[in-house]
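Let the sequences and hints guide you as you build the complete structure.
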Amino acid sequence: QKEVEQNSGPLSVPEGAIASLNCTYSDRGSQSFFWYRQYSGKSPELIMFIYSNGDKEDGRFTAQLNKASQYVSLLIRDSQPSDSATYLCAVNNNDMRFGAGTRLTVKP
Amino acid sequence: EAQVTQNPRYLITVTGKKLTVTCSQNMNHEYMSWYRQDPGLGLRQIYYSMNVEVTDKGDVPEGYKVSRKEKRNFPLILESPSPNQTSLYFCASSFMTSGVNEQYFGPGTRLTVT
Chain A
1 QKEVEQNSGP LSVPEGAIAS LNCTYSDRGS QSFFWYRQYS GKSPELIMFI
51 YSNGDKEDGR FTAQLNKASQ YVSLLIRDSQ PSDSATYLCA VNNNDMRFGA
101 GTRLTVKP
Chain Y
1 EAQVTQNPRY LITVTGKKLT VTCSQNMNHE YMSWYRQDPG LGLRQIYYSM
51 NVEVTDKGDV PEGYKVSRKE KRNFPLILES PSPNQTSLYF CASSFMTSGV
101 NEQYFGPGTR LTVT
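First to last, the sequence lines map onto chains A and Y.
Those letters in the first sequence? Residues 1 to 108, by the numbering used here.
Those letters in the second sequence? Residues 1 to 114, by the numbering used here.
Derived from the structure by calculation, the hints contain no laboratory data.
No incorrect hints appear here.
Once the Cα atoms are required to be at most 16 Å apart in a straight line, the calculated EDC-like pairs of lysine to aspartate or glutamate come out as:
1) Y:57 x A:95
2) Y:18 x Y:62
3) Y:71 x Y:30
4) A:67 x A:27
5) A:67 x A:5
6) A:42 x Y:38
Chain Y regions said to be covered by chain A (calculated; three or more residues, Cβ under 8 Å):
7) 38-45
8) 55-61
9) 102-114
A virtual CB, placed ideally from N, CA and C, is assigned to each residue, including glycine.
Right, here's the structure in full:
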């Protein structure tokens, strides 16, 4: 069974801090990796994707991938209350598999 | 405006009454997919399609059917809905470029089967 695991949280950080979200996956054939943000009652929206080992930065967001450890993470720098949402990790090998999500709360 | 649309957005129906949820995208995407989202279980893929007339099962295909006769449309069919199919359904689409699959999601359809 191909699995994508995330800590469900809730993860609470103060405004301005770094939020660190983690994800592990079981399918070694996975080719690309995604982070989605989902506000309550809304559809997921893509934040970042990564498909090579290492770091990828986009504004306040950094995705990190380690295929040997089957681990992908998302760092959010200078967290804002508007970042409060559920963050979904997704892994692609033709079929897409999502983790159950980590709920993040950024406190003012 | 580039978008994925789903209809209806909300649906309450009874057990056994066939229904179709439509999904359409205007971005000329090859890949389309259906998911259901349930509390504590996250998003689970029902079916996906890599192009016209090409469909494949995802994680939870039982009780569902799909078709892909045109590139822009990917309807989800429940031939005989049951209460355990009560869920929030999302359609998504993307290009298939170099193995990367950045999916864009529709607004969701909340289905209740009584």
